[in-house]
Each structure stands twice: as structure tokens, then as C-alpha cells.
Amino acid sequence: MERIFERLEKVRMVSPLVHHITNYVTVSNCASITKYFGGSPVMADAKEEVADMVNLASSLVLNIGTLNNMQIESMKIAGIAANKKGIPVILDVCGAGATKYRTQMCKELLETFKVSVIKGNFSEIATIAGLNVQTKGVDSGKVAADKCELAKTLAANIKAVVVITGAEDVISDGTNTYSVKNGVPVMGAIVGTGCMASSVIGTFCAVEKDYALAAASALVCYEIAAENAEKTSDGSGTFIGSLFDKILMLSEISVNKMKRISKI
Amino acid sequence: MERIFERLEKVRMVSPLVHHITNYVTVSNCASITKYFGGSPVMADAKEEVADMVNLASSLVLNIGTLNNMQIESMKIAGIAANKKGIPVILDVCGAGATKYRTQMCKELLETFKVSVIKGNFSEIATIAGLNVQTKGVDSGKVAADKCELAKTLAANIKAVVVITGAEDVISDGTNTYSVKNGVPVMGAIVGTGCMASSVIGTFCAVEKDYALAAASALVCYEIAAENAEKTSDGSGTFIGSLFDKILMLSEISVNKMKRISKI
Amino acid sequence: MERIFERLEKVRMVSPLVHHITNYVTVSNCASITKYFGGSPVMADAKEEVADMVNLASSLVLNIGTLNNMQIESMKIAGIAANKKGIPVILDVCGAGATKYRTQMCKELLETFKVSVIKGNFSEIATIAGLNVQTKGVDSGKVAADKCELAKTLAANIKAVVVITGAEDVISDGTNTYSVKNGVPVMGAIVGTGCMASSVIGTFCAVEKDYALAAASALVCYEIAAENAEKTSDGSGTFIGSLFDKILMLSEISVNKMKRISKI
Numbered sequence: 023m024e025r026i027f028e029r030l031e032k033v034r035m036v037s038p039l040v041h042h043i044t045n046y047v048t049v050s051n052c053a054s055i056t057k058y059f060g061g062s063p064v065m066a067d068a069k070e071e072v073a074d075m076v077n078l079a080s081s082l083v084l085n086i087g088t089l090n091n092m093q094i095e096s097m098k099i100a101g102i103a104a105n106k107k108g109i110p111v112i113l114d115v116c117g118a119g120a121t122k123y124r125t126q127m128c129k130e131l132l133e134t135f136k137v138s139v140i141k142g143n144f145s146e147i148a149t150i151a152g153l154n155v156q157t158k159g160v161d162s163g164k165v166a167a168d169k170c171e172l173a174k175t176l177a178a179n180i181k182a183v184v185v186i187t188g189a190e191d192v193i194s195d196g197t198n199t200y201s202v203k204n205g206v207p208v209m210g211a212i213v214g215t216g217c218m219a220s221s222v223i224g225t226f227c228a229v230e231k232d233y234a235l236a237a238a239s240a241l242v243c244y245e246i247a248a249e250n251a252e253k254t255s256d257g258s259g260t261f262i263g264s265l266f267d268k269i270l271m272l273s274e275i276s277v278n279k280m281k282r283i284s285k286i
Numbered sequence: 023m024e025r026i027f028e029r030l031e032k033v034r035m036v037s038p039l040v041h042h043i044t045n046y047v048t049v050s051n052c053a054s055i056t057k058y059f060g061g062s063p064v065m066a067d068a069k070e071e072v073a074d075m076v077n078l079a080s081s082l083v084l085n086i087g088t089l090n091n092m093q094i095e096s097m098k099i100a101g102i103a104a105n106k107k108g109i110p111v112i113l114d115v116c117g118a119g120a121t122k123y124r125t126q127m128c129k130e131l132l133e134t135f136k137v138s139v140i141k142g143n144f145s146e147i148a149t150i151a152g153l154n155v156q157t158k159g160v161d162s163g164k165v166a167a168d169k170c171e172l173a174k175t176l177a178a179n180i181k182a183v184v185v186i187t188g189a190e191d192v193i194s195d196g197t198n199t200y201s202v203k204n205g206v207p208v209m210g211a212i213v214g215t216g217c218m219a220s221s222v223i224g225t226f227c228a229v230e231k232d233y234a235l236a237a238a239s240a241l242v243c244y245e246i247a248a249e250n251a252e253k254t255s256d257g258s259g260t261f262i263g264s265l266f267d268k269i270l271m272l273s274e275i276s277v278n279k280m281k282r283i284s285k286i
Numbered sequence: 023m024e025r026i027f028e029r030l031e032k033v034r035m036v037s038p039l040v041h042h043i044t045n046y047v048t049v050s051n052c053a054s055i056t057k058y059f060g061g062s063p064v065m066a067d068a069k070e071e072v073a074d075m076v077n078l079a080s081s082l083v084l085n086i087g088t089l090n091n092m093q094i095e096s097m098k099i100a101g102i103a104a105n106k107k108g109i110p111v112i113l114d115v116c117g118a119g120a121t122k123y124r125t126q127m128c129k130e131l132l133e134t135f136k137v138s139v140i141k142g143n144f145s146e147i148a149t150i151a152g153l154n155v156q157t158k159g160v161d162s163g164k165v166a167a168d169k170c171e172l173a174k175t176l177a178a179n180i181k182a183v184v185v186i187t188g189a190e191d192v193i194s195d196g197t198n199t200y201s202v203k204n205g206v207p208v209m210g211a212i213v214g215t216g217c218m219a220s221s222v223i224g225t226f227c228a229v230e231k232d233y234a235l236a237a238a239s240a241l242v243c244y245e246i247a248a249e250n251a252e253k254t255s256d257g258s259g260t261f262i263g264s265l266f267d268k269i270l271m272l273s274e275i276s277v278n279k280m281k282r283i284s285k286i
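Protein chains in written order, with this note's numbering: chain Z, 23 to 286; chain F, 23 to 286; chain H, 23 to 286.
Keep in mind that the hints are not guaranteed to be accurate.
Claimed, not checked - Ranges of calculated distance between the beta carbons of each label pair, as one might list FRET restraints:
| no. | chain 1 | residue 1 | chain 2 | residue 2 | range |
| --- | --- | --- | --- | --- | --- |
| 1 | F | 35 | Z | 203 | 21 to 31 Å |
| 2 | Z | 253 | H | 198 | 49 to 59 Å |
| 3 | H | 36 | F | 188 | 14 to 24 Å |
Unchecked claim - Straight line, CA to CA, 20 Å or less: simulated DMTMM-like cross-link-like pairs of lysine to aspartate or glutamate:
| no. | chain 1 | residue 1 | chain 2 | residue 2 |
| --- | --- | --- | --- | --- |
| 4 | H | 279 | H | 190 |
| 5 | Z | 69 | H | 130 |
| 6 | H | 253 | F | 256 |
Unchecked claim - Among the chain Z residues that face chain H by a calculated CB cut under 8 Å, a handful are:
| no. | residue |
| --- | --- |
| 7 | 49 |
| 8 | 67 |
| 9 | 102 |
| 10 | 252 |
| 11 | 257 |
Source of the hints: derived by calculation from the structure; they are not laboratory data.
C-beta atoms are modelled at their ideal positions from N, C-alpha and C, and glycine is treated no differently.
Use the sequences and the hints to build the structure in full.
Put into C-alpha cells, the structure is as follows:
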């Protein structure tokens, strides 16, 4: 647990290339946050080049926020190339459950290549696990089931790290399960905080082979920066700018003092 | 007229899902402003899922800013689904008149499904009405004709609410016509303020069946927030962030005191 | 050299329409910076309308950041239309060399129509010139060759202005070569500063037929605004907002005092 800041330092030192195939709504902030954390973002989704781009990259982040058939085809090619190269694939199942198409395409992606980390809010992950929940757009639904149990079970089933985000994040690889309680409520009121979380996870997974620990470390750092941003930003309209600044200022002292992570 | 703040309160309470098929230039700010007003934005444009997404939504916002044939096909499917479900459809005819293709696609959309609110600047709306004016890109042209007359006539012809934005906004359903004089000139100097206006209109129409009143109320609230943002922002570069903050702070007192709306 | 501010004044007076076919990552900031400089941005990429849009425009900016076959087809149509009309075409070879596809598409574009200004960082431009360098994503590679020599040679070969950006920018039309040393290191740490540079070059080329001087003037003004923004912004997270403000405030005195341009 003490090694969280070490991982951030490694990201800053290595500056891994993080290839994204993502939605056109939050893509700019996803690129920015990757760069503020020390990674080198690249966004490219033409099927003619994604395999080549993966060959330059240290991790691949896929986000289905504004999916379409062409993008899904490119995701498959990129995912297969990432598997062949042995770099981690992060899949943000943004809006899974909202439409049959979205749920079906997630299934196809998971059948086509091996995902290292699958990330969503409770209702999205429950959809992937085959539970019958209601996803309202891309916002989080609520069901009575247990977050931790869901993460563990799905992780064991699909042999991938499962990240369920929320006020408390749960990260599990089926064996080890972490709870992260950093972050601030305003993040839920701002467009793109979920997509950015996946970019940060992808950036950390590029330098740390224990993907559950990498994802948990990523969320701790991201959410501590968000806590610091909330203290200084004038309001939520300028929150993301403040967040970017606070990411640059993350230090070993602040991360160690503020981290709220536990093994469960 | 006194009910403007009530409508904002209803948006905040209901948090309607507002489905957008929109351009990739201002999409991020459109999603954000919908959320700051209290709505729940979703952006999705694959033809395979737009009908399903409409079935979850309370209103549909279409914006042709970066249109292409695939997107137009999705807009048609979504528009038909919205008509069937009985939810309002807002069409922002962004750049109509600039190219033959843009004008023709607007015509096709209007022939394929019923639009509840059509919104543009003077030259864009005049184009839709069949007047011969010059649209310079997506910026507003100027002709001598009468804004109010144009809005009324087109509204009666196409049986939809017509919104003509500008220093003075005119909103008409053919019977009732409103003038809104809130807002600040800096809005005209910032990319995306027009597109965001359509998102706000879509958010208000989701909770108020009188679409002319809904659109007028939306513009009053949006533009009062803009007035407040101008007072506190350091410059136009940070205006949108300030605008988002001021939207959250809109109160019954400020809206009632500052509103500049009249029936004409 | 003393005429740099004159060109900015002309942009502000004429407000040229600058048509972009660009990537979906930085498109919003490209539109904004064009507008802050006084231009009128339009973003449109459907093959059915790009020729019509070019006919309204005073310059065309092409950026291959998130290219695909459909976009390349539209770029070709737009480029041919721009040649026919006689307006300048700026090509940002963003990420050239990163993938075979990207390099090949640049080649096809350059064979299909005449480019007025080609812009990239060292490794991207070296790729275009046929040198064997390594492009890491869209970030700059480093080789021992001489920037100035590369710009001159390529400019003479392809009969276009070549702009190589970096801490020192080199601009050459084969005969005249300029060095611009304005700017601040933080620009390299922020997503989109390269793409925005191309938009500014496109805006200045719209009003100045000497494209090498136009490009150099554009970079001087852009980078002086960046220097001023760095002095007042709280951190890099709010840098772009500050940059936009400082662009509006560029004056003859500040430009003349701060410009670091020389003929080499």
C-alpha cells in the first residue's frame, strides 16, 4: 500500500504512451488528464492504423461512450494487437445496459480479446455480469446487491480486474479486493470524471503489472487531486482546471497522508 | 411569466434524460450545461441504438453542426422514435444556408418527423423559411426583414415553436410570441453558446409541455446566468467555467429580478 | 518584420472564415482560438458539403490527428476546391510517422492538391521529407539533423511553406527562412497547443499572401499571448483560458516589444 506514490513516480519517469479509442464528448479531457499525470496520450481510431499505434503504446484504453460499428471494429483490431503485444487493455463500459446495442457490443469485445481491467459504475458492471438492472443513460443506477461481491465474482468469471466506481470504489482481481474512499461528491456532478478515471487507470497499468494495484493506485491519486482541487477551485465550473493543476502537485507526502485505501 | 423559476426547479427535481445527437465541436459543453442545469445528458448517435436511447429519454436535441449522412440517418430514426413516444424534439439548424447540403438535410429532417422547437440565428431560420439570405459559416447574417414576423410565420407554417436567437431572442409558436432580452454581448464572441442554448431548451422542454414557454424560460435562465458570469469572470477565456457556476446559483430571487421577457 | 501587428489587425478587421477539417480531440480549442484571434471558424467534414464550405472560406486548415478514410476523402475534395479558388491550405501532419497509414495519407494528400503551409514538429516534418525518424505518438522525436536545413530543403522540394514547431520554430518557403523564439515550455505540456498553432497560421494566411511571413507572424502573436498567459494563470490547468484572454489583449506595443523573430 505504501507503494502508491512510487507508481505515480514511475508514470512520470517513463511517460508511457497510452492509446485511446474513446468517445468524442470527453476525449479532450481524457487526453489532458493522461498528460497531466505524466503519460503521453494518443487518440486514433481508424482501423487502418490502430494496430500500428498499439505497437507503439504501453496500454490501450477503450471507452464505448459514443460507440458505432466502425469504432467497435477498430477496438477489436486494437484489442487483439494489444493482447499479442502483451500490453494492458482497459475497457470503460460507459452506458452499458442503457441500450441493447451497447450491452451486446461489450459482450462482443469481451469475447474477441482479453480485457485487463473492466470499469464502470454499479449498474454498468452489473449489466456486464448479467444482472438485470436499469441503467439511466450513462448515470449510475442503484440496486440492493453488494458492490464488493459483484466485483469479486465478475473478476473471477472473466479473469480481469473489475473496477466499480462510486463514492466508494471497489477494485478486485478475484483474489485481492481493494476499497478506495477518496474523492469528492462534486465529481459526480461534472461530465467526464468517469471517463478520465479510465484514462488514469490506463496510464498506471502501463507501468505496473499488478493491474488491481495499478487501478487502485490510479484512483487514489486521481481522487486525492480532486479533493485538493475542491478546496481551491471557486466552483465546479472551474473544477477540472484546478484538478489538472493539483495532479501536477501530487507529492509523496500528500498521497501518503490523504490516501483512503484498504484491502477488503 | 412568473413561472420561469418554477420550470428550472422542475428540471432540477426531475433531472430529465436529454438525448443529444450533435456536433463534435461543442458536444462537451452541451453535455456539461445540461448537467449544470440539472438534466442528465446522453450523447449517442449509432443508428443501432438511438431509438432505444430515445425510449429512456425525456427530450431529444438534434444539432447539425458537423452533420454527415450517417448522423442524419440516426437523427431520422431518433426523431421518429421521439414522435412515437411523444417527447419533444429540438432541432438546432446550425449553419443552415451555408451549404446546399446543410439546407437540404434540414428539409429532409423536417419532412421525416415532427420537430417541436426549431432554433437558429436569423439567417439560419430565414433559410429554413425559404428566404434568400446569406449565411456566413455558422455566424449570423443580417437582413432587413422582421425577426418577429419571421418567427411567427414559420411557426404557423411548420406547426413548431421557432426560436431566433440574437441580442434579442424571439420565440413563437405561431400564437404566442415572446421576446427575451437577457444575455451579454460576450456570448457572441465565444464558440458554443448557440449550441448550449439548444441543450438548455431541450432540458426545459423535457419538463414543460408548453414548448414556447419552456424555450423562453430556458433562454431567460441561461442568459441571466451569463450576465452573472460576465460580472465575475476575469475575461472571456474563463467565461464558460463561470457560466457553469452561475447556473448552479440561479435562485428564484435573481431570476425574478433579472428576467427581461415580454409577450409581443 | 515591423508588420506583424498589422497582420493581426487585418485578421481582426476582416474576420476571415477559416474552414477546418480536423481531429475530434482538440477541435473545440481550435475553433475557439480562431475566434479569439478574430477569425470566424467553421468545422465541417461531410464530403457532400466541404467544397461549398471552402467556397465561403478564406483559408482551409487540415489536421490528420484522428484521420480516417472518410475524412481523408473530404480533405481531398476540400483541398482541390481550395486550390481552384486560390485560398491557402494549411496541413498539420499531426502524428505523421507514428503509423504507416498516417504517413501514407499525408503523401496522398500532398499528391492530390497543392498545400500552402505544412506544419509539424521535427519528427513529423522529417517523416514527410522521407527521413527515417521515430515519431512517438504525436509527441516530438529528436534527431541530430538540422531543423533549418530540413525546413529549407523540404520547402524547396514541395514548393510550400514548411513550419517546424518547437522551442524554436523555423518557418521557410525555401527562399526566406524565419526563426521564432517566443513561447513558453508549458505549451509542450498541454494538449492541443500544436493543433491551435495551425488554426492561428490558417487565420493569418487568410489575410496575407506571403504565407511564410503570415505563418511566422501567427506564431509570434500566438506565443506572445502564451507568454503573457503564463505570467497570470494560476497553473497549467487554467492556461488555455488565460491564453484566450491574452490573445484579445495583444496590442501593437506588446507585440513589437516582445517579438523574438529573426530572418536566418
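query: Looking at the structure, which of the earlier hints fail to hold?
result: 9, 10, 11
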